[in-house]
Structure formats: C-alpha cells, structure tokens
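Combine the two chains into a complex, taking the hints into account.
Residue numbers (numbering that gives the first Met the number 0), protein chains in the order written: chain A, 0 to 599; chain B, 0 to 129.
No farther apart than 25 Å at their CA atoms in a straight line, the calculated lysine to any residue pairs in the SDA-like style are these:
1) A/LYS354 with A/GLU406
2) A/LYS223 with B/ILE74
3) A/LYS320 with B/ASN113
4) A/LYS278 with B/LYS104
5) B/LYS89 with B/GLU7
6) B/LYS89 with A/GLY450
7) B/LYS100 with A/SER455
8) B/LYS100 with A/PHE460
9) A/LYS223 with B/ASN102
10) A/LYS399 with A/GLN379
11) B/LYS100 with A/THR232
12) A/LYS300 with A/THR317
It is worth saying that the hints were derived from the structure and are not from the lab. Note that this is a predicted model, so its numbers are computed, not measured.
One-letter residues, chain by chain:
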Amino acid sequence: MQPILKVDLNTGEFSEMPIPVEWQKDYIGGAGLAARILFDYLNIDLDPLGPDSPLLFLNGPLSGTFGPAVGRYVICGRSPLTGLWAESNCGGYWGAELRRTGVDGIFVTGKSKTPVSLILNDRNFELLPSEEFWGMDTYDYQREILSRVKCGGRALSIGLGGERQIGYSSILADHGRVAGRAGLGAIMGSKKLKGILVKGNGFPPIARFEEFDVIRSRTNRALKNDPMTAVLTELGSAGAADYLDYLGEQPKKYFSAGVLDGSEKISGASISETMLTGKKSCHGCVIACGRVVSVDGNKMKGPEYETLVGFGPNVGLTDPKFASRMGDLCDRYGIDTITMSAGIGFVIRMRELGKLNLDDPLFQRAEWGSEDFVEECIHQTIQQTGLGKYLAMGTYRFAKQFRLEDEVVQVNGMDMAFHDPRGSSGMSIVYATSPRGACHNQSDYFMADIGHVDPSIGMEFYDRHAGAEKVKNVIIHQDYRSIFNALVMCYFANVDPESIKDLLNSVTGFDQTVPELLQAGERIWNLKRMINFKLGFNISTEILPKAVLTPYSDGGSSGYELPFEEMMAKYYEFRGWDPQTGFPSELKLQMLGLARLDSS
Amino acid sequence: MASFPSSEWLSNFMEKLNADEQYARIAKNWEGDLLFVIDPEENLTNSAYLYLDLWHGKCRQVEIRKDIGEAPAFILRSGYTNFMEILSGKLDPMQAMMTRKLNVKGNMLVMMRNVPTVLDFVRCAREISQ
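Bound conformation, chain B alone (with noise of 0.2 Å):
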C-alpha cells in the first residue's frame, strides 16, 4: 500500500476516483480542482502539495506540486496528524471542515451543497489508504 502523502498514493487515488462507479455517480456535477496542502508533524519534515483536478464525477489529473502554484478552486490544508485521522475514518471531513481542523480556502457555498461528494470522495481515499 502506497504511503499518504507521496505520489504513489496520489496515482492510486486518481485510478480509484475514475474506477468507481459510486464516486462517478455522487460527484457527477461537481466542478473544480483542488490543493491538499499536508504541513509537517510526526514523519513528515516538509510540507507536501497534492493537486487534483476534479469535473463531474472524473479525476482528470493529478501532481505533485512543490508549492501552491496557479491557485486552484479549494486549498485544503491541515496538520498530516488530522489528514491521517481523516483517512483512518477517525475524523469525519465534514466535522474537520468546520471546527477548524481542516482550513478550506474556497467557495464554502460549493462545499456545503455537495456533502455526499465530499463524503464519497473521502471515502474513495480511505478505500486505498487501509
């Protein structure tokens, strides 16, 4: 199983997205791209930048960047203790949003209109984390 954050894991979760038929249907109008930013804590001494590129319900693109780059729709950006949590199922992303664990740089209007994408999308990405 490929390590989060690297791009292994990255190539993984993209070949998930465009695989699986539930995420395909959940997101199908979901429009925009994305930047994880994971800060460093426990093993992780720099900061890591994962960009999707995300449109209905497809992941057209990923990479590594080594900085944020073209500003794209949303930054998320976190501690990796909390991604962690996130992709162990022990943090909900919708909680993480909103109580500050998780920082969204972004229309808030779009993400809280499509929780079940969010969700899905989560889910997708603990599917090929455990």
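The following block holds chain A by itself, in its conformation from the complex (with noise of 0.2 Å):
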C-alpha cells in the first residue's frame, strides 16, 4: 500500500507513516487497518476533542480501483458523542483522488491556533490559511476551495455542525455525500481544520494488473445485473421502503408506532414517481443509487433511507420533500441527519408521554407531524439556543440531564438507525454489540432477515422473527461486513466472497484465501472491542432500549416480542466471550492473534 500522510497541525509539520505488510495481511485496510493503527493511540484519558485526539482518514486497498462499489473511504478517531470506537465511512470521488495523490490515508494529530485547510495536490502538502471558510457551509466552502487554490480535485469539510464542536457532526464530500455518524466532524472543527483538498495524477497500486482487469470487469457485470442493483439504482437506498413497511421494520413516531397514514410516501418509488430528476453515483459505482430531486424548483440532493425515514415517519410526516430539504440544511450544517431527526423525534415524544416539560417556547410546539417545529429545532441546534441548546448535546446526554436516559431508544450513546429490530430480529443483537453504539453499518442484517445470505461463507436464511437459531449467522455477517468496512466496499454491492478474494489478491499481491479473510474480519470485530474496553465500556449498556423491547399494538410486526437475553447469552457463548465481562477469552484472543496486544 501507499503510506499515511502524518500531520501534525500543532507544528504545521508533514511525516510518512509506514505501515507493516502483516498489518496489511491481518486488518486489510479501511477501518480494520484503523483499528490496529489507532489502538496504539486511544485510550480512556484521551479527550475527543483535544490537541492530542487523532483523526484518520483512509482508504481501503480496492478504493479508487473502478472495482465493484468501492469508491469509499473511512474516517476513524474517537467519538465525541460516545466517547468510544468511531468510524463512518463515505463515498464519492475524494477517496479515489485521496489514492491519485500517491498517499493512502492521511493521519491527523494536533490544533491549528487558526481555521486552515490541508491540501494535497501530488505529493505537494500545504496547510492553507483559512480564516474566510470559516462559517462556510459545507457546500459553498467545498466550491470556495476549489475556486481559490485552482488545482481541481476534490474537497471534503465540515460545517457549522463541525465547526462548533456538536457531537454529532458529519464531515461532507463532493457536494452530498457525508460522513455522518459517531461525530468526527467535530474533532475536525476542534483542531480548526475546516477541509482538505485533494488532486493526484497518480493510480492506486496494482500488483497484478491484467488479472485484476478481468476479475473486475466480470464482477461489475454481475453485479449490474443483480436484482438488489436494478432496485438501488431505479429507485434509490430507500427502494425497499415499501417492502420494509409492509414487514414492519420502518418505526413511526420515534419507535412507539407500527403504522402511520399515508407512510407509502416514504419510499424511493414515491421519490421516482414525483421529484426525481437524475441519479448519482459514487467513484466507479454501476449502481448510481444517489438521487438528484427537484423540491420547489430548487435541484437538490434526494434523501437516502434513514433520512427520509428520520425526517418522515420518525417525526409523523410523510412528505419526501420536507426531508430533502431537511437533509439538504442538515448536510450544509455539517450534522448527522440520523441523530438529529432521532433527537427531535425523542423530544416529541416525551412531551407526548408528559415526560418532559421545558419552559421553553419551541419545546411547547412539540408534536407529531409539525414541519416548522422539525426544521427550528434544526436551525436552534446549530445556533445552540433554546431547545436547541439540549439537542446539540446529542440525545442521550440530553435525557440524562433530565433522568430520562432509559426513553431514547440509542446504544452506547448513538441514537438507533431507522431499523426496526421488532422487524427484523437480527438487529437487535447487531445494535446491542456494534462498536460504535446502534448503528447499522456494521451488520445491515435486516437485509439477511429478508433473504440476503451467503450460503458459502456458513451462512443460512432464518425467519426474521427467529430467535437465538440465528445468532451464528449474525456473527458470520459482522465478520463478513467487516470484511467490507476493511476495503472499503459498499453494502449495496452484492458480490460473492470468491470475488471479493480475488480482487483482493490481484491488488494486494497477497494470496489470502476466503476462510482468511473471515477469519481477518473476526479479528477486526474483536479488535473494536478491546478499542472500546480501553475506551472505558462495559457490558452493562450492551443492551437494547426498553421502547423496541415493547412489542407494536399494529404494523407488519405486531405482537412480536424480541428474545433478546436469550440471544444475547447465544451471542457471548458463539464469539468466545466471557459472559461475565463480555471480554473475549484468552484463547479467542490468541486465536486471532491478538493475545499480545491484549497484554501490551
């Protein structure tokens, strides 16, 4: 691989970071090569947002290779928001520039006294002054920068979100396409880092070119006629909204309701059917599953799944075009539109349960279905006034000021992605154990409870209302997805582990074999983990929020009851896990090896 850029913007000075080929071999790269990079630097004193927090960007070894949906990169420090393992990886172009450069990831330590913006343009780095970006939105900074340094390329950056240190702030790229969870935007705007600029010239590196050709050309192929890719690609991320209503796995009403009138709205048909106006892809993608809408003659980004969901049936509303905007102002912010939506949602139903009352003029036009109360409580977020004050503080740390902790349906401090687990059981041992808190982009296993297995990896199709038979395949698909977050490939990309083997191969130069790379992503899971138990965790908030362990009164999933300590105490027993302190055992540990870190 490329090096890592190290810089270090207490002394504005540049160094190389060589990585170890055993590394290579055993985290892949992406998040798993992260992982091994920044356990030697996180640890339980480290503030998030302090000089000496590090932030890391970097690519996959397939990023930017026009192999099968691999147009990724990911972002990884410590969450400012859960204070425990943070990783949110993003697609685009900047990536596969990032690659061109001849760098493959960049290693950022320290605070500049004044806003800067790096900027790599070849192997030519520079910190640039950047005190006029600073309150730029995210957009105008990302046309800004390239207007002023003239180089071309690509620009990421984060917004006001970012720049005011909120914990859920996103890190945008390539006009729309974010970074949003787990809050590193905020390290960003804590070291005055506003953006980084690429341009490279260069192509990633290709062990065996010729035969990486062919392999790739083949999977593309297939993967364009893949079914799930003619439904990503006509209707978008949420074209499966109908289907996941109809089971239901899409929660109303911040997880209390099964139904909600007129909640076939939410959906990527809907999208087609009444503002769509053309489709995006990211770097060498054949799915194009971005959205291009039109909302009030205004041409703006279409909203992806959990945002349409979060600002849609979330809230009480089901107008598509209230969530674009609404993911529209919340990416030029620079703030997670998952957390924020599921903040106001929390918000409102506590002042529908009567479980919280603010003197407080915006909290008193709380209620289901208000799309001004939705879009102020946005703007007070960002300005940290009023309501806004509270929900700039991220929703569980919100509630705990008011002895509420246990009403917000979160894990670890991050808010639950607009997966229903009662629609899916799967998800709730997914949400309860994921490294960085409820997310779903560490297993998408509601995709596997609706017949997304991979029969040769040890993988079987279980009922999605099946119990503790399926915790075995849960933990084959966080090994696998893994895997992915190592390379980093996108979920939508339905290619079979053979494929993913030998494109692996062919650049790496490596000769891994399938049960290896399995095995690799294990060893990253279990690394997250120990990350976190350095980071401060225990076992005692691995568990799943008191409101999706209340079975719906309505709704695809009515009177279904989560079996979730029974799958839980499966879940410890199968991924070799003390029960008592949910530690992996000795032998787990030097099975993967990494007993001597476990020491170290």
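Laid out in structure tokens, this is it:
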C-alpha cells in the first residue's frame, strides 16, 4: 500500500507513516487497519476534542480502483458523541482522488491556532490559512476552496456543526456525500481544520493488473445484473422502503407506532414518481443509488432511506420533499441526519408522554407532524439556543440531564438507525454489539433477514422473527461486513466472497483465502471491542432500549417480542467472550493473534 | 387438486383471482400482464410458460404459451423448485425477487410499489395449490 501522510497541526509538520505488511494482511485496510493503527493511540484519558485526539482518513486496498462499489474511504477516531470507537465511511470521489496523490491515508493530530485547510496536490502538502472559509456551509466551502486553489480535485469539509463541535457533526465531500455518524466532524472543528482538498494524477497500486482487470469487469457486470442493483438504481437506497414498511421494520413516531397514515409516500418509488430529476454515483460505481431531486424548483440531493424515515415517519411526517429539504439543511450545516431527527423525535415523544416539560416556546410546539417545529429544531441546534442547546448535546446526554436516558432509543450513546429490530430480530444483536453504538453500518442484518444470505460462508436463512438459533448467522454477517468496511466496499454491492477474495489478492499481490479473510473480519471485530474496553466500555450498556423491547400493537410486526436476553447469551458463547465481562477469552485472542495486544 | 404448472391449475388460479374479494380490493390499482417462465427441474422436463393478464384486481385472460412470445409487462423466471417453494409458503416472493431466486424482467419500481398486491396474488396461488 501507499504511505499514510501524518500531519501535526501543532507544528505544521508533515511526515510519512509506514504500515507493516503483516498489518495489511491481518487488518486488510480501511476501518480494519485504522483500528490497528489507532489501538496504540486511543485511551480513556484522551479527550476526543483535545489536541492529542487522532483523526485518521483511510482508504482500503480496493478504493478508487474501479472495482465494484469501492469508491469509498473511512474516517476514524474517538467519538465525541459516545466516547467509544468511531468510524464513518463515505462515498463520492474524494477517497479515490486521495489515492491518486500517492498516499492512502491522512493521520491528523494536534490543533491549529487558526482555521486551516489541508491541501494535497500530488505529493505537495500545504496548510492553507482559511479564516475566510470559517463559518461557511459545506457546499459553499467545497466550491470556494476549489475556486481559490485552482488545482482542481476534490474537497471535503465540515460545516457550522463541526466548527461548533456539536457531538454528531458530519464530514461532507463531493456535494452531499456524508461521513455522518459518530461526530467526527467535531474533531475536525476542534483542530480548526475546515477542510481537505486533494488532487492527484497517479493511479492506485495494483500488483497484478491484468488479472485484476478481468475480475473487475466480471464482478461489475454481475453486479449490474443483480436484482438488488436494479432496485437501488431505479429507486435509490429507499428502494425497499415499501417492503420494509409492510414488514413493520420501518419505525414511526420515534419507534412508538407500527403504522402511520401516508407512510406509502416514504419510499424510493414515491421519490421516483414525484420529484426525481437525476441519479448520482460514487467513483466507478455501476449502481448509482444517489438521487437528485427538485423541491419547489430547487435542485438538491435526494434523501437516502435513513434521512427519509428520520424526517418522515419518525417525526410523524410523510412528505419526501420536506425530508429532502431537511436532509439538505443538515448536510449544509454538517450534522448527522439520523442523530438530529432522532433527537427531535425523542422530544416530541417525551412531550406526548408528559415525561418532559421545558419552559421553552419551541418545546411547547413539539408535536407529531409539525414541519415548522422540526425545521426550527435544526436551526436552534446549530445556534445552540433554546431547545437547540439540549438537542446539540446528542439525545442520550440531553435525556440524562432529565433522568430520561431509559427512554432514548440508543445503545452506547448512539441513536438507533431506522431499522426496527422488532421487524428484523437479527438487528437486535447488531445494535447491541456494534462497536460504535446502535448503528446499521457494522452489519445490515435486516437484509439477511429478508433473504440476503450467502451459504458459501456458512450463512443460512432464518425467519426474520427467529430467535437464538440465528445468532451464529449474525456473527458471520458481522465478520463478513467487517471485511467490507476494511476494503472499503459499499454494502449495496452484492458481490460474492470468492470474487472479493480474487479482487483483493490481485490488488495486494497476497494469496489470502476466503476463510483467512473471514478470520480477518473476526479479528477486526474483536479488536474494535478491545479498543472500546480501553475507552471505558463495559457490558452493562450492551442492552436494548425498552422502547424496542415493547411489542407493537399494530403493523407488520405487531405482537412480536424480541427474545433479546436469550439471543445475547448465545452471542457471547459463540463469540468466545466472557459472559461476565464480555471481554474476548484468552483462547479467542490467541486464535486471532490479538493476545499480544491485550497484554500490551 | 390441479398440478403446477398445468392449464387446469392456471384456470383454477384465474377463477380464484376473480372470485377473491380481498385480492380485488388490494390489487385494484394493478395494471400489467405477466408471464411465469418455469425452468425444468425435478419432474418438470420442459420449460413452461404461464401467461396472466391482470387488470384492476381482476384476471382478464390466461394462456399456456409455447415460448415467451409477445413481451408482457413482467416476466418472472425461475426453476420449478423455487416456484414450488413459493407456492408452498417456504419462500417469500419478495425475498425471492430481491435475492435472484426469482428473476424479474420489468419495471422494478412498479413491483416494489405494489408489495401488498404481489403478496396477496401469491396468497391466492397458494390457496389453490395446497
């Protein structure tokens, strides 16, 4: 692999960071390799927003190669929102462009006294004073920095959310591609790093190019003909929303209702029928799930599934145009749409139940289906005034101030994504054990629960409401998706494991087998857990919120009660984790080659 | 009970669709004909082509074809075993479509938009097959 550029914002010095070949084999790249690198830097005393807090932008070995849906990179560090492991991967073109500069990653430490932008123009590195860009939204910055520097290329940046160090600030690139969750934008803001512009003229290193090119063509052709690709291309990431709604897997009114009148408007099909004007893809991707829509004559990014549900049924609304506008607003401010909309849903729900009463004019307007209320909440959050002061803390910390933390639909401080585990029981384990909290991007097991299982890696299909019998399946899926997050490959790419192995070997020149890759996935999963233990995690918080343990009274999953404790007990057993502490057993650590790290 | 796939089964299915009140209600907006292509497996030695013209909750015409013929709005193609698994309730038809077990040629937007119709259509098929 190409070197990682190390940038010390205290001194303005640049250096290169060598990566041992063994790490490339054992941790692949992307989030896996990032976990190994950051293991040595992260500890419980580290302030995520302090100058010593590291922030790592990293590609995978396949990033930018025109392989199937691999135009992605990952950003990692310690989450200001949860205090635990943070990773957030992002599509678009920035990662591919970074590789063309001749480096595969950027490791940022320190803190600048004044706002700066980092410029990489091939192997020329520069910190550009950026006072005039501070305060700009993400879209304006990307346009202005390209206009100022004039070398072309791709820019990523934070918005006001990151500048003000809101704990769920996102990082955006390529006009609307988002590294959304875990608040890594706040770390950039704390370092006064407004953005990073990359321009390269090289090509990612490929060890056996002719072999790679044949496999690349074959897998891209197969991917293009996949039925799920057809759904995603035609309907976007919300393509299956109708089906998920039918199954009762799409939450409404902050996970309190199984049905909502008009929810059929919340779907990729509805967007295609009413407002779609174009499609966008990430670098080299044959799927093109990105939407371009027209809202009241304004062209903007169309909402993906999570934003559509978050600013839709989650807050009692069913207008895709409104969800698009709120998604655009959050993108411009640079804040995560899932966390923002979940916080708003929480406020409405608490007021409905009479569990929270704030002497605040905006709070008094909190009710389901109020577009004005939702939009004002977003503005106030960025301004950190009124109700927004609380929302800016993140839902869990907000709730804790009022001893309402048990009411928050979250795990380990991260709000749950909008795939209800009552509609897909496998997601209960995924949410509880994900290394970054209740997220769906460490394993999208809801897809396995509707049939996307690969028998070649030992997976079987279980009913979406099956219990402990599917736990082994969930583990395989988590390990498999850890490989994707290391590559960094989009979950939407339905590529078989053999092809992934062939693609990887032809790029790296290694000769790894599918079982070795699956073991790497397991190693990465366990390593992220070890990092979380270093950061203060304990298993008392590895539980599901009571809202999702309460059966729905209506909808496609009405009456279903998750056998969560039974599933978790099996999970620890199959993972080889101590049932009392949740820590990987000595034997497991030895098997995965992690024992030495543990003792260190 | 008529065996699948046969002209008798197809006639029974048409009769069922046109008599079923629930199907008529759920599929009231459906417009589009479809063709099942059942590839030979197990006891089925030749491909079978079953055509249905579906319109606003009713079945207007059925036909056993010799080949694909004039292209309908949707062609649903799979092996005999997968079709039987769908008819016996072992395989969810939406899952089958999204996981390549049942290949769909046609507008996926319409298919994804009409999940309840698809599932109720299959319910009717199951009820005359079990």
